[in-house]
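> Numbering (numbering that gives the first Met the number 0), first residue to last: 0 to 225.
Hints listed in this document are in silico derivations from the structure and should not be mistaken for laboratory results. For glycine and all other residues, C-beta sits at the position ideal for the given N, C-alpha and C. Heads up, some of the hints might be wrong.
Said to hold, decoys possible - What follows is a list of derived Cβ distance ranges for each label pair: (1) E200 with D4: 40 to 50 Å; (2) P189 with E87: 36 to 46 Å; (3) D185 with W219: 27 to 37 Å; (4) G209 with N152: 17 to 27 Å; (5) E200 with R151: 30 to 40 Å; (6) G209 with E118: 18 to 28 Å; (7) K9 with E59: 30 to 40 Å; (8) K114 with A198: 21 to 31 Å; (9) N223 with N169: 23 to 33 Å; (10) R63 with K9: 12 to 22 Å.
To be verified - Quick list of in silico lysine-lysine cross-link-like pairs, PhoX-like style, CA-CA up to 20 Å: (11) K114 with K162; (12) K44 with K105; (13) K199 with K29; (14) K115 with K180; (15) K44 with K180; (16) K69 with K1; (17) K91 with K44; (18) K199 with K48.
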Amino acid sequence: MKLFDEIPEKIIISVSGGLDSASLFYLLCKYYPNTEVIVSTGIVKQNPKDAECARNIVSEMRKRFSNIGKHYEFDIDLEDPFWVETSENLFKDSTHNSNSAIGLSKHLQQIEGLKKIREETNVSIFMNATTQNPNIDYFDEIEPGRSSNIIRNTVTETPYGGKIYSPFINNDKKFVANIYKTEELDWLYPLTRSCIASAKETNNFEIECGECYWCKEKAWAFPNYT
Numbered sequence: 000m001k002l003f004d005e006i007p008e009k010i011i012i013s014v015s016g017g018l019d020s021a022s023l024f025y026l027l028c029k030y031y032p033n034t035e036v037i038v039s040t041g042i043v044k045q046n047p048k049d050a051e052c053a054r055n056i057v058s059e060m061r062k063r064f065s066n067i068g069k070h071y072e073f074d075i076d077l078e079d080p081f082w083v084e085t086s087e088n089l090f091k092d093s094t095h096n097s098n099s100a101i102g103l104s105k106h107l108q109q110i111e112g113l114k115k116i117r118e119e120t121n122v123s124i125f126m127n128a129t130t131q132n133p134n135i136d137y138f139d140e141i142e143p144g145r146s147s148n149i150i151r152n153t154v155t156e157t158p159y160g161g162k163i164y165s166p167f168i169n170n171d172k173k174f175v176a177n178i179y180k181t182e183e184l185d186w187l188y189p190l191t192r193s194c195i196a197s198a199k200e201t202n203n204f205e206i207e208c209g210e211c212y213w214c215k216e217k218a219w220a221f222p223n224y225t
């Protein structure tokens, strides 16, 4: 699978613990064995299970591939007073793509975390596995920043220096499901998590709620797994 015009020596990939980033991480390791794959994960204080899944994914990948570098982690606190105030003020500006002040807060903290990793590693090529919304009406309203009606550039400049590659950005989650099928990633699927519900709704994050947007999108794309 071709992800780059010129193969980078090193790249930083965001691995959240979800299905999308896990599959892209796998493709990058498999098809670019001479590229050092550095991993970044934001640990959301209000939903720490995702980061645990990311660690497990990285651990399993290391058993299969030798080109994985350091795994960087950084904290994200959606209730931090500074970021709450900052995001609420910026959310009033219609130029952002976030669908909530909380979502914008998470995005801003991710930028800060990746900026520090960029400074420490001196690597300026980044990758994420963001997908577009399913082309179904009730999905589109929930995640307007991923509208299926917009064709986005797969390579853009980052706010922390360098370029970010988003090869899935114009494909929905069924595209990702096909990767799991063709690459025979049944072993990878159970290591992932796609739920944003609270501790109360998920038995302290031990189960997925099945009702949030991410759970519904997962069930839609992976009907044979759920």
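> Does each hint hold? Answer for all of them.
Each hint, compared with the structure:
1. E200 with D4: 40 to 50 Å: Distance hint for E200, D4 holds at roughly 44 Å.
2. P189 with E87: 36 to 46 Å: Cβ of P189 to Cβ of E87: about 37 Å, so the range 36 to 46 Å holds.
3. D185 with W219: 27 to 37 Å: Violated: the Cβ-Cβ distance is about 19 Å, outside 27 to 37 Å.
4. G209 with N152: 17 to 27 Å: violated (34 Å)
5. E200 with R151: 30 to 40 Å: Given range 30 to 40 Å: holds, Cβ gap about 32 Å.
6. G209 with E118: 18 to 28 Å: The hinted range 18 to 28 Å is violated for G209 and E118, with Cβ atoms some 40 Å apart.
7. K9 with E59: 30 to 40 Å: violated (21 Å)
8. K114 with A198: 21 to 31 Å: Since K114 and A198 have Cβ atoms about 30 Å apart, the given range 21 to 31 Å holds.
9. N223 with N169: 23 to 33 Å: holds (24 Å)
10. R63 with K9: 12 to 22 Å: holds (19 Å)
11. K114 with K162: Holds: K114 and K162 sit about 12 Å apart, inside 20 Å.
12. K44 with K105: Measuring from Cα to Cα gives roughly 11 Å; hence the hint holds.
13. K199 with K29: violated (38 Å)
14. K115 with K180: violated (36 Å)
15. K44 with K180: Not OK: K44 and K180 at ~33 Å, beyond 20 Å, violated.
16. K69 with K1: Roughly 24 Å between the alpha carbons, so the hint for K69 and K1 is violated.
17. K91 with K44: violated (25 Å)
18. K199 with K48: holds (13 Å)
Violated hints for the displayed structure, listed by number in ascending order: 3, 4, 6, 7, 13, 14, 15, 16, 17.
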